[in-house]
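Participant: Sequence order for the protein chains is A and B.
Residue numbering for the first sequence follows the numbering used here, beginning at 1 and increasing consecutively.
Residue numbering for the second sequence follows the numbering used here, beginning at 1001 and increasing consecutively.
If you are wondering where the hints come from, they were derived from the structure by calculation, not from laboratory data.
Predicted model only: the values in this text are computed from it and were never measured.
Backbone N, C-alpha and C fix where the C-beta goes; we use that ideal spot for every residue, glycine too.
Don't take every hint at face value.
As the list claims (entries may be wrong) - Cβ pair distances, simulated, as ranges:
#1 G56(A) with F1287(B): 51 to 59 Å
#2 Q1315(B) with A407(A): 51 to 59 Å
#3 A1189(B) with P48(A): 40 to 48 Å
#4 R51(A) with P1385(B): 47 to 55 Å
#5 R252(A) with Q1161(B): 52 to 60 Å
#6 R68(A) with Q1161(B): 23 to 31 Å
#7 Q1493(B) with G380(A): 50 to 58 Å
#8 N1177(B) with D276(A): 54 to 62 Å
#9 Q1465(B) with E45(A): 49 to 57 Å
#10 P341(A) with N1063(B): 36 to 44 Å
Said to hold, decoys possible - Reference listing, derived: stretches of chain B covered by chain A, where coverage requires no fewer than 3 residues with Cβ under 8 Å from a Cβ of chain A:
#11 1011-1017
#12 1133-1147
What follows is the residue order along each chain.
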Amino acid sequence: MSETTINNLFGKPLSVINVGLSSMAQSVEAQGTPVIDVDWRPPAESVPRLRVTRSGVDIEAANDETCRRIKQGRPVLVSMGIARDVIPGMHERMILHAGPPVSWERMCGPTRGAVMGALIYEGLAKDEADAAKLAASSAIEYSPCHHHHAVGPMAGVVSPSMPVFIIENKAFGNRAFCTQNEGLGKVLRYGGMGPEVYARLKWMETTLYPALDRALQSLPDGIDLRSMIAQALHMGDECHNRNRAATSLFLRAIGPALARTSRDNEVLAQVIEFIDRNDHFFLNLSMPAGKAMLEPAEGIPGSTIVTVMARNGTDFGIRLSSMPERWFTAPAGKVQGLYFPQFTEADANPDIGDSTVTETSGYGGMAMAAAPAITKFVGGTPQLALKTTLEMYEITHDEHEQFTIPALNFRGTPCGIDVRKVMETGILPQINTGIAHKQPGIGMVGAGILRAPARCFEDAFEVLKNQ
Amino acid sequence: MAIKTLIKPSEYHDSVSLMVVAQELSRLPGVKDVAVVMGTEANKGLLREAGLLTTEAEAASANDLVIAVSAEAPALDQALGEAQKLLQKKQVQEEAGQFRPKTLRAAVKQNPAANVAVISVAGRYAAEEAWEALRHGLHVLLFSDNVSLEDEIALKKYARQRGLLLMGPGAGTAILNGVALGFANVIPAGPVGIVSAAGTGLQEVSTLLAKAGVGVTQGIGTGGRDLKEEVGGAMMLAGLQALQSDPETQVIVLVSKPPAPAVAYGVLEQAAQSKKPTVLCLLGENFEDRPTMPAHIHPARTLEEAAMKAAGLAQRGEAMLATAETALSGEALAGLRAGLQPQQRYLRGLFSGGTLCYEAQVLWKDLLPEPVFSNAPLSAQQQLPDSNRSQGHSAVDLGEEEFTVGRLHPMIDNDLRIRRLLQEANDPQTAVIMLDVVLGYGAHPDPASELGPAIRKAQALAHAQGRKLLMVGSITGTEDDPQRLSRQAQALQEAGMVLCASNAAAARLAARLVAPV
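Chain A with its partners taken away, still in its complex shape:
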């Protein structure tokens, strides 16, 4: 008689999953047997189960491949450069912005502020009125960062003279770009305008950038960002709304090289001080690291995995691996959070920025459980942080073995948002973010959390159904 595998169950400790009546789970638990009582809901009636595309592609296999590529990615900070010289397609009259495409007319306050500020910083306009006129004219071409292998936090404005980090994905050879982070408060990316904003940008261009650039040139292997993100997740960061540990790790990694290549001790001190005083300095590295990991996963036929999630403050947009050129957009949502003194929800601009590239890559809001301190933005508890990440596993295809969460027994972070699962469960991706003032020129007013809007996923699913 051959041994059937039913016999393999005999004698083993039972571990039960209960789907349905909770009383059944309680009985099992009362016997000291581990049980997970699924919080089951009837499936949405109108959501068919997609398994194979019309052209015969096995969707599960396509998603496996998409996630394999994301997880294989090894983003390394290799060098820096000036936007006009290094970003493909960039030119003297081009301004890049966060999120899906948007015209000047539809741009939100902070993006307009950042565009006008950038024009003044570039010397293309002499004051705000002048800048507004130029910005509305056809002399300026707007383009999403995502169309140029770039990402930008909040307004995400990149103008030709801005220095950018260059991140290379060593596994695939592709590159991604992002500006240097200015710090918090009244800053360009939150739509801040004024002499102090331009002066800081100038200093970053003429002092910070050359110092960092020299230091990087002395490091032939660059700085491994994947490993730095992985470490920061073990130190209380989720690398979107909290980058304190990662910024410290970065400073530790580049510190000796900065010192060795420094030409002036006072400049060295200023650079170190600037990075040290900006807990979000690493955000502008965690974002392009994500972008560099996601791009090789684009273009897998049949894949239902999200490879871009981005907001311009007016619209929220997603793109899928199987349709990398197509945006699915919906109005950007309202952020739930804590405000700086004198500001309230009434001052808040809708959700904005390319920083959701972190959630798309498997950290940020997906890794909330790694960063319990974040939950204070919404008056939550560490338990809420755990629950958030556990819930995100419902809508992701995979778990990222490089990015792990100590509090979940080093389980990999939820990675690869699957539009099908979002539709089947009705669970929307968690996003952690800063909040910009809705008027141009003011800047950051708070931070908080929200969920991605359902409509992008509904529209994408409609197209997938016929794919």
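Add chain B to chain A, keeping to what the hints say.
Facilitator: Relative to chain A, chain B alone:
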């Protein structure tokens, strides 16, 4: 009397939780009728029948929670308020607790060591969840009813290919590695392995074994349709095979209602493949026209006989024929019968376990000259015309769907059975009422606390009309069950029940009490 409805949009709760809320509300003073249901079309039908379907309820969707109350005007709002309080309490408890994944696949990822899924969602969703569980390599207890035969066949075929158990649909009971799943009792470990197509059959056999001091390796439920021709006994055969090659199992018991001949032949054939002693209990089957069986296959006609034979085989290596009879002397029997009025000629069995109702009828068919009517009869001629009214000798299965739609099963909720008990007590033709009392996980936490007073009340009722009323019964349970067999037995005996050691013994006693002298 007025009717009021409260709709809670997009609020989902499982049906048992809702029925528990409804049960608590219906006990409030001034409340006549209550329904707390999800707004599905089927539930709206129930509301319509109960006269509770308001226009608001009519407009509710399947994802909306509907609370409908019919009550005296002052009690209306109180009941609706209480409903919200009860539901809220449940929600707060859930939020404070551990994270609960929302899908089976997320649960598997959260605990890759999981090996069994217990599925009890509404029938139309159940097959999809069972597929998901099998695909993830989980053994499945599919408690849900209303799964199509095609789904059952396909699920079982796939499960057999992967070497997994697919117990059900409609499988209420399983004991795997000593853990009671669904409606099941706490049974010590021991040498007997059981495969049963009848849920309460598995409970009765396993508890009788436990009472005889014999434990169980595994108790595998297959669901009631497994031995239908179309399903071909797929899980009975898979379970039997597994027990045959299980070194811990020394004696095998198979339990089913009489199956299609071809399926029975297949089961016999498989049983003959191993030398392990196997008790084959096909309820009511006389085995007269069966081909000669190998010596290690022992036929049994009742659950009791199956348990006793298996206990004998396990303990002494030979089949016992003794029954678990409560020895009543002729004198004692005459004492019980004394004082019955001439018109008190009939017995009435009020069962919560379907297989126990069936087993009693099998015995009564031989012991009583008159027919026994039932809503779940052995043959169509004995169909009770109205399930709500007994006639002659009657055996009522209160766990049948006609009684349980929108209501908790009589093993959990005693109300319906108590009402029927009082109705039978009022009938001047009733001589004996027989009850089965099922303990274990899933069952009411303390049935005797409700049935005991009801028995006293029933006897008082008959007494007031100048009659005595005989109550007999048995308890399907063990001392290790949460309700404790001895505690339940004491309470029922004190209330006036003549307690027998098995359902079969109770059925025999009931028959002797009404049989012509």
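Participant: That 52 to 60 Å hint for R252(A) and Q1161(B) (C-beta), does it hold up?
Facilitator: For R252(A) and Q1161(B) the Cβ distance comes to about 56 Å; the hint holds.
Participant: Determine whether the Cβ-Cβ distance between Q1315(B) and A407(A) falls within the hinted range of 51 to 59 Å.
Facilitator: holds (53 Å)
Participant: Has the hinted range 54 to 62 Å been met by the Cβ atoms of N1177(B) and D276(A)?
Facilitator: About 58 Å separates the Cβ atoms of N1177(B) and D276(A), which means 54 to 62 Å holds.
Participant: Given the range 40 to 48 Å, decide if the beta-carbon distance of A1189(B) to P48(A) lies inside it.
Facilitator: holds (46 Å)
Participant: Within 50 to 58 Å or not, the Cβ separation of Q1493(B) and G380(A)?
Facilitator: holds (56 Å)
Participant: Holds or violated: 23 to 31 Å for the Cβ distance of R68(A) and Q1161(B)?
Facilitator: The hint (23 to 31 Å, Cβ to Cβ) holds, given that R68(A) and Q1161(B) are roughly 28 Å apart.
Participant: Do at least three Cβ atoms from the region 1011-1017 of chain B come closer than 8 Å to Cβ atoms of chain A?
Facilitator: holds (count 5)
Participant: So the hint says 49 to 57 Å: do the beta-carbon atoms of Q1465(B) and E45(A) match that?
Facilitator: Between Q1465(B) and E45(A), where Cβ atoms are some 55 Å apart, the hint holds.
Participant: Does the hinted range 36 to 44 Å hold for P341(A) and N1063(B) at CB?
Facilitator: holds (42 Å)
Participant: Can the suggested window of 47 to 55 Å be confirmed for the beta-carbon pair R51(A) and P1385(B)?
Facilitator: With a Cβ separation near 50 Å, R51(A) and P1385(B) satisfy 47 to 55 Å, so the hint holds.
Participant: Just tell me: holds or violated, for the beta carbon distance of G56(A) and F1287(B) against 51 to 59 Å?
Facilitator: Holds, since G56(A) and F1287(B) (Cβ atoms, about 55 Å apart) stay within the stated range.
Participant: Closer than 8 Å Cβ to Cβ for three or more residues is the test here. Does the region 1133-1147 of chain B pass it with chain A?
Facilitator: Our answer is that it holds, as 5 residues pass the Cβ test (under 8 Å) against chain A, meeting three.
Hint check: no violations occur; every hint is consistent with the structure.
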